Amino acid sequence: MFKYQKFLQRGLVVGLLAVGVAMSAAQADDDEEYGERQSSKMIGENRGRDMYGVQMNAKFKAECSNCHIAYTPNLLPAESWRKIMSGLDKHFGSDASLTDAENKEITAFLVSNASNRWKAPTSPLRITETSWFKQKHNSREVSPAVWKNPKVKSPSNCGACHTRADKGDFNEDDIRMPR
Amino acid sequence: MLRKFHLATLAILAVGGLSALPAWSQTVNETMAAIKSDAKQDNPSFTEFSAARGESFFKTKHGSEWSCSTCHTDNPAALGKHAKTSKDIQPLAPAANAERFTDEAKVAKWFKRNCKDVLDRVCTPQEKGDVLAYLVTVRK
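Sequence order for the protein chains is A and B.
If you read the first sequence in the numbering used here, its first letter stands for residue 1, the second for the next number, and so on.
If you read the second sequence in the numbering used here, its first letter stands for residue 1, the second for the next number, and so on.
These are computed hints drawn from the structure, not numbers from a lab.
Hints may contain errors.
No farther apart than 25 Å at their CA atoms in a straight line, the calculated lysine to aspartate or glutamate pairs in the DMTMM-like style are these [as the list claims (entries may be wrong)]:
{"id": "1", "chain 1": "A", "residue 1": "Lys61", "chain 2": "B", "residue 2": "Glu55"}
{"id": "2", "chain 1": "A", "residue 1": "Lys59", "chain 2": "B", "residue 2": "Asp88"}
{"id": "3", "chain 1": "B", "residue 1": "Lys87", "chain 2": "A", "residue 2": "Glu129"}
{"id": "4", "chain 1": "B", "residue 1": "Lys87", "chain 2": "A", "residue 2": "Glu63"}
{"id": "5", "chain 1": "A", "residue 1": "Lys167", "chain 2": "B", "residue 2": "Glu104"}
{"id": "6", "chain 1": "A", "residue 1": "Lys90", "chain 2": "B", "residue 2": "Asp120"}
{"id": "7", "chain 1": "B", "residue 1": "Lys106", "chain 2": "A", "residue 2": "Glu129"}
{"id": "8", "chain 1": "B", "residue 1": "Lys87", "chain 2": "A", "residue 2": "Asp166"}
{"id": "9", "chain 1": "B", "residue 1": "Lys109", "chain 2": "A", "residue 2": "Asp95"}
{"id": "10", "chain 1": "A", "residue 1": "Lys61", "chain 2": "B", "residue 2": "Asp117"}
{"id": "11", "chain 1": "A", "residue 1": "Lys90", "chain 2": "B", "residue 2": "Glu30"}
{"id": "12", "chain 1": "B", "residue 1": "Lys106", "chain 2": "A", "residue 2": "Glu63"}
{"id": "13", "chain 1": "B", "residue 1": "Lys116", "chain 2": "A", "residue 2": "Asp95"}
{"id": "14", "chain 1": "B", "residue 1": "Lys106", "chain 2": "A", "residue 2": "Asp169"}
{"id": "15", "chain 1": "B", "residue 1": "Lys109", "chain 2": "A", "residue 2": "Asp89"}
{"id": "16", "chain 1": "B", "residue 1": "Lys61", "chain 2": "A", "residue 2": "Asp89"}
{"id": "17", "chain 1": "B", "residue 1": "Lys84", "chain 2": "A", "residue 2": "Asp173"}
{"id": "18", "chain 1": "B", "residue 1": "Lys112", "chain 2": "A", "residue 2": "Glu105"}
{"id": "19", "chain 1": "A", "residue 1": "Lys61", "chain 2": "B", "residue 2": "Asp38"}
{"id": "20", "chain 1": "B", "residue 1": "Lys84", "chain 2": "A", "residue 2": "Glu63"}
Here the structure is a predicted model, which is why all the values come from computation and not from measurement.
Full structure from sequences and hints, please.
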């Protein structure tokens, strides 16, 4: 009996150690990958950039990705998110309402990770209606024919061209124009 | 990615250590039973759900531009597509998607939202039960 207990204890310790080592190895890996980008986040604009080290909120990911990709918080200013989150029962022609608790948690996440360099004094409901968006997607960058491609359908369909849009990453290296 | 894997492993270890928790919170039959009990409360003369009525409810428009099948398609065992955003929607029929109708809060949330979009009101328990009765008859 005593021997058995000791054996179990030792097994547990070894097991926990193994998990701990594996976890810290994974952690180090992530830090290395994001280290350089992380520092650029501190000094630069976050809009349209990868979410870096931002702690992704699981509720946001689950609740805001059913009907379209989860548009990352850095694409709009805090006030826009507040407006969007207070009108979810009439959300662009759809009912996307949440429970009060879910709404509160997601709003807090969006607001605290919102665009950090919003210059215009506006708080639009759509990313695609901002002059910033229109400028990045002017007719030299995206020809009018491309917008009409059924694979695009709507400018809101970022993922049709930006292959890492669901990560909030709109780097030009990751653009594949649909044919 | 790596970190996620290890967290998952840890979770499995933890859960496995406690007890074998079921993967989902309830079975489709339990979901059906809960809707049935609502239906009886809602209407004392309630008798049964009807798959045929559910099918026609599912495939007909009710005043707005969308029916249920606009997004979930006429074959609920097939991949659906959101009418506005074109995003894929996993099949709605339990035979084709084992996760469906196993999470009470999720079922309630989407019935509320989608009925509002399609009928401009909530669905009655009778309507929800008819739809589910239809969906469980759909084969892969």
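Here is what the structure says about each hint:
1. A:Lys61 x B:Glu55: violated (32 Å)
2. A:Lys59 x B:Asp88: holds (20 Å)
3. B:Lys87 x A:Glu129: holds (21 Å)
4. B:Lys87 x A:Glu63: holds (14 Å)
5. A:Lys167 x B:Glu104: Given that 25 Å is the threshold and the Cα spacing comes to 29 Å, the pair is violated.
6. A:Lys90 x B:Asp120: holds (11 Å)
7. B:Lys106 x A:Glu129: Answer violated: Lys106 of chain B to Glu129 of chain A is near 32 Å, above 25 Å.
8. B:Lys87 x A:Asp166: Between Lys87 of chain B and Asp166 of chain A the Cα gap is close to 12 Å, so the pair holds against 25 Å.
9. B:Lys109 x A:Asp95: holds (10 Å)
10. A:Lys61 x B:Asp117: Holds - the C-alpha atoms of Asp117 of chain B and Lys61 of chain A are around 23 Å apart, at most 25 Å.
11. A:Lys90 x B:Glu30: violated (31 Å)
12. B:Lys106 x A:Glu63: This hinted pair holds, its Cα atoms lying about 10 Å apart.
13. B:Lys116 x A:Asp95: Measuring from Cα to Cα gives roughly 7 Å; hence the hint holds.
14. B:Lys106 x A:Asp169: violated (29 Å)
15. B:Lys109 x A:Asp89: holds (12 Å)
16. B:Lys61 x A:Asp89: holds (21 Å)
17. B:Lys84 x A:Asp173: Given that 25 Å is the threshold and the Cα spacing comes to 28 Å, the pair is violated.
18. B:Lys112 x A:Glu105: holds (21 Å)
19. A:Lys61 x B:Asp38: violated (31 Å)
20. B:Lys84 x A:Glu63: holds (17 Å)
Going through the hint list in order, the structure does not satisfy hints 1, 5, 7, 11, 14, 17 and 19.
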